[in-house]
Amino acid sequence: TQLLEQSPQFLSIQEGENLTVYCNSSSVFSSLQWYRQEPGEGPVLLVTVVTGGEVKKLKRLTFQFGDARKDSSLHITAAQPGDTGLYLCAGVLSVASGYALNFGKGTSLLVTP
Amino acid sequence: DTEVTQTPKHLVMGMTNKKSLKCEQHMGHRAMYWYKQKAKKPPELMFVYSYEKLSINESVPSRFSPECPNSSLLNLHLHALQPEDSALYLCASSQLPGHGQFFGPGTRLTVL
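Protein sequence lines, in the order shown, are assigned to chains A and B. So that you can map any letter, position 16 of the first sequence is 16 in this note's numbering, and since no number is skipped, the others follow by simple counting. So that you can map any letter, position 95 of the second sequence is 95 in this note's numbering, and since no number is skipped, the others follow by simple counting.
These aren't lab readings, by the way, just hints derived from the structure by calculation. Bear in mind the structure is a predicted one, so any value in this text is a computation, not a measurement. It is possible that part of the hints are untrue.
As the list claims (entries may be wrong) - With a Cα cut of at most 25 Å, we get these calculated DSS-like pairs of lysine-lysine:
(1) A:70 x A:105
(2) B:38 x B:9
(3) A:57 x A:105
(4) A:105 x B:40
(5) A:105 x B:38
(6) B:38 x B:19
(7) A:105 x B:41
(8) B:9 x B:36
(9) A:105 x B:36
(10) B:9 x B:41
(11) A:70 x B:41
(12) B:36 x B:53
(13) B:18 x B:38
If we strip away everything but chain B, and leave its shape as in the complex, we get (with noise of 0.2 Å):
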């Protein structure tokens, strides 16, 4: 299994509603990463989980909370958003921290 997969693929949500997005690798990758990114800019890295750990919060919003409930789960819970929150989440993981990346489908996201 050579997939990262995301859930959902698309969520729209009020700015006073709680979400969560999920990712998730079976590839037995130690490091773990969410990015933001908006149209037709780069990803921007957001969080990265070495060993199940927090390793870099790239200063984000506390509306953003990370959680790493094992090695191959990742999940970025969502609370009192903006619109200009609205853009695509990836989610990446990689064998060690900073080898190549492997990048999920991504999820999404509108707030209204």
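Looking at chain A on its own, in the form it has when it is part of the complex (with noise of 0.2 Å):
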């Protein structure tokens, strides 16, 4: 069940050029993580935000996670050609049986000099 939207499904920009990517849900997320993948490898997680209107930055990168814990953004300023991937955003679920992870069907970036 997919549970989180992702926009835009694909970005294409030029160096230098800011933007924003949106995780979007109807549920509420005990936390919410974002993870970058390049391909032919494995997601790298960049940070998981776990209280309502956080916000955490890492470099150019700033995150933020909706005060009702059911969304989250992730905004890029001045994008580099290294920020090129698929970022994918992953929701934190409690369940019965433990804790489950629900992914966006991510966005793909390519930064271009």
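Using the hints, put the two standalone chains together into the complex.
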């Protein structure tokens, strides 16, 4: 079941531009994680946000968790070619048998020099 | 050591073969996961092990059989797979269930 909707699905920008990726759901999550994946490799954890309204910064990346813990955004300032990759948001749900991670479909970002 | 390792990196097998995928982590994480990822799709959760016990099985066909021999190792035994099972199989671990996950590089599986 796809609980998380990511937008845009694809994004092609030039170096130096800013961009925002959105991750939306009608479900409330215990926490939400953002990953970046490059072709042929496993996803790499960028950040975990836990508290509603939380904002975390990782160099040029700013992550925000919605107040109701249903949505999140990733903003990249002055994008660089090294930012190219698939950005995945993943919501953590508490289920009877433990915790399940539900991935969005991803945003494929291409940054050209 | 902050790495999750997976072997083999690539695997080609016939539909009658039996093979195993291996995953290892030495970060002291108590949760380990198997995912299946098809091209241009997000990872799909297959199994979750928490404290070496299977806690989540996402209705995966019985031709996939997970095993957790100890807290550092996770195996995925494959038998009588179908061509549609061809995918990237990712292993991940986290300190505790629900925490941020560290992924291995994956095993690229092709079923002929």
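Status of the hints after comparison with the structure:
{"no.": "1", "hint": "A:70 x A:105", "in the structure": "holds, 16 Å"}
{"no.": "2", "hint": "B:38 x B:9", "in the structure": "holds, 16 Å"}
{"no.": "3", "hint": "A:57 x A:105", "in the structure": "holds, 23 Å"}
{"no.": "4", "hint": "A:105 x B:40", "in the structure": "holds, 9 Å"}
{"no.": "5", "hint": "A:105 x B:38", "in the structure": "holds, 12 Å"}
{"no.": "6", "hint": "B:38 x B:19", "in the structure": "holds, 20 Å"}
{"no.": "7", "hint": "A:105 x B:41", "in the structure": "holds, 6 Å"}
{"no.": "8", "hint": "B:9 x B:36", "in the structure": "holds, 14 Å"}
{"no.": "9", "hint": "A:105 x B:36", "in the structure": "holds, 14 Å"}
{"no.": "10", "hint": "B:9 x B:41", "in the structure": "holds, 20 Å"}
{"no.": "11", "hint": "A:70 x B:41", "in the structure": "holds, 22 Å"}
{"no.": "12", "hint": "B:36 x B:53", "in the structure": "holds, 20 Å"}
{"no.": "13", "hint": "B:18 x B:38", "in the structure": "holds, 21 Å"}
The structure fails none of the hints (numbered hints given earlier).
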